[in-house]
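> Going down the list, the protein sequences come from chains C and G. In terms of our numbering, the first sequence is residues 1 to 113. In terms of our numbering, the second sequence is residues 1 to 116.
Hints were generated in silico from the structure; no laboratory data involved. Treat the hints with caution; some may be incorrect.
Chain G is nowhere near these chain C residues, computed Cβ spacing over 10 Å in every case [claimed, not checked]:
| hint | residue |
| --- | --- |
| 1 | Asn12 |
| 2 | Glu15 |
| 3 | Pro18 |
| 4 | Ser28 |
| 5 | Gln45 |
| 6 | Asn55 |
| 7 | Gly62 |
| 8 | Lys112 |
Facing chain C, from chain G, some residues (calculated, C-beta under 10 Å) [stated by the list, open to error]:
| hint | residue |
| --- | --- |
| 9 | Gln6 |
| 10 | Ser9 |
| 11 | Tyr36 |
| 12 | Ser43 |
| 13 | Phe91 |
| 14 | Thr97 |
| 15 | Thr104 |
Remember, predicted model here, so these are calculated numbers, not experimental data. All residues carry an ideal CB built from backbone N, CA and C; glycine is no exception.
Next come the chains, spelled out residue by residue.
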Amino acid sequence: AQSVAQPEDQVNVAEGNPLTVKCTYSVSGNPYLFWYVQYPNRGLQFLLKYITGDNLVKGSYGFEAEFNKSQTSFHLKKPSALVSDSALYFCAVKEAAGNKLTFGGGTRVLVKP
Amino acid sequence: GAVVSQHPSWVICKSGTSVKIECRSLDFQATTMFWYRQFPKQSLMLMATSNEGSKATYEQGVEKDKFLINHASLTLSTLTVTSAHPEDSSFYICSATHGTEGETQYFGPGTRLLVL
Chain C
1 AQSVAQPEDQ
11 VNVAEGNPLT
21 VKCTYSVSGN
31 PYLFWYVQYP
41 NRGLQFLLKY
51 ITGDNLVKGS
61 YGFEAEFNKS
71 QTSFHLKKPS
81 ALVSDSALYF
91 CAVKEAAGNK
101 LTFGGGTRVL
111 VKP
Chain G
1 GAVVSQHPSW
11 VICKSGTSVK
21 IECRSLDFQA
31 TTMFWYRQFP
41 KQSLMLMATS
51 NEGSKATYEQ
61 GVEKDKFLIN
71 HASLTLSTLT
81 VTSAHPEDSS
91 FYICSATHGT
101 EGETQYFGPG
111 TRLLVL
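Chain G on its own, in the form it takes in the complex (with noise of 0.2 Å):
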């Protein structure tokens, strides 16, 4: 139990378009989704917390009209990365809180961005 996917798993686009990237718990219904990023060898910085239903809670320093995240259903959080840039190349992961167990934080494979 307590899956979580990432759609998709890598990615490819020219400087300037936007990318959606898509979470999911499989298997649970997630109150709270997070975004985070990780650059290489480096830890994993917190993006945005997104809540079902209402509007995501960004970090300081984080763009919430670049990073655009929607938490449409209790099993869905999008995060479109709009008129992206080579420096917006990273490793994005998500990663959710069961209901039950709220936590502990279950976390998707990830989506490696390439903007060129």
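The shape of chain C in the complex, shown without the other chains (with noise of 0.2 Å):
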């Protein structure tokens, strides 16, 4: 089975402050994973992906995350937040095999000017 843990249910930074969404993950195998961002009453945007590679991803608006396999974690972050970033942000796994798409609880993002 997998799955995939937020631990925190939102996060207040200050504009142009560093921002770090956290994410956890359990997969047999090699995973795939996702961070995908929810603006509201609507659907969910792509940010970036791991699939193999380089451990640090680049993804849309600046953002990026770190795949650290030891630790099974896949955190968020931007170096500097903008008010327009706040948004509600999910972390999703998958089985390198499979297509079943398994999402964290979302982690509200609040910046404040």
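Take the two lone chains, each set in its own frame, and fit them into one complex as the hints suggest.
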């Protein structure tokens, strides 16, 4: 079985400060890891993914994430947060061989001016 | 590229009626489409996986006779909520995988259903 944990329900950060959203996962075999962002009453927008290769993955809107196999983590980061980054962020995982995506519970990010 | 649309974006219906939601991949052929349900302030729950031309695979606990899924073409999947009841009120989101990049799911904007 595969699972994802996002330990923080909400993250508050001041605009211009670094933003980190935590994610840990559990999966059999090699993981495919994803981050999505959701704005109110909208679907999910793809930010980035890790499949293989470099552990540091760069994605849309200045976001990046680091795959850490030993800690089974895939934390999302942005060096300087913007007010417009305020949204709901979902981490997701799937097994390499399957197509079923399992989502974490989501972390609400609030960036204050 | 990889744009997914849903129609309608919101719908209000009376209890006992059926509602059809369409999910379209606009600029790619989607070999697989997924239907999710999202309750307020909660994560996404996978309802079913559909492949073009074959029967959908439903997740445990999802009634296949209540949530009818049809994937008639490589760009269109439909979800019909039959005999809707207030407890079916939710945000329904579809996603699709691109044929040449099968691991990434691209999501539609969602459909909010309110059953009175």
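> Are the hints correct? Go through all of them and say.
Against the structure, the hints:
no., hint, result
1, Asn12, "holds (17 Å)"
2, Glu15, "holds (24 Å)"
3, Pro18, "holds (25 Å)"
4, Ser28, "holds (16 Å)"
5, Gln45, "violated (7 Å)"
6, Asn55, "holds (17 Å)"
7, Gly62, "holds (19 Å)"
8, Lys112, "holds (20 Å)"
9, Gln6, "holds (7 Å)"
10, Ser9, "holds (9 Å)"
11, Tyr36, "holds (9 Å)"
12, Ser43, "holds (5 Å)"
13, Phe91, "holds (8 Å)"
14, Thr97, "holds (7 Å)"
15, Thr104, "holds (6 Å)"
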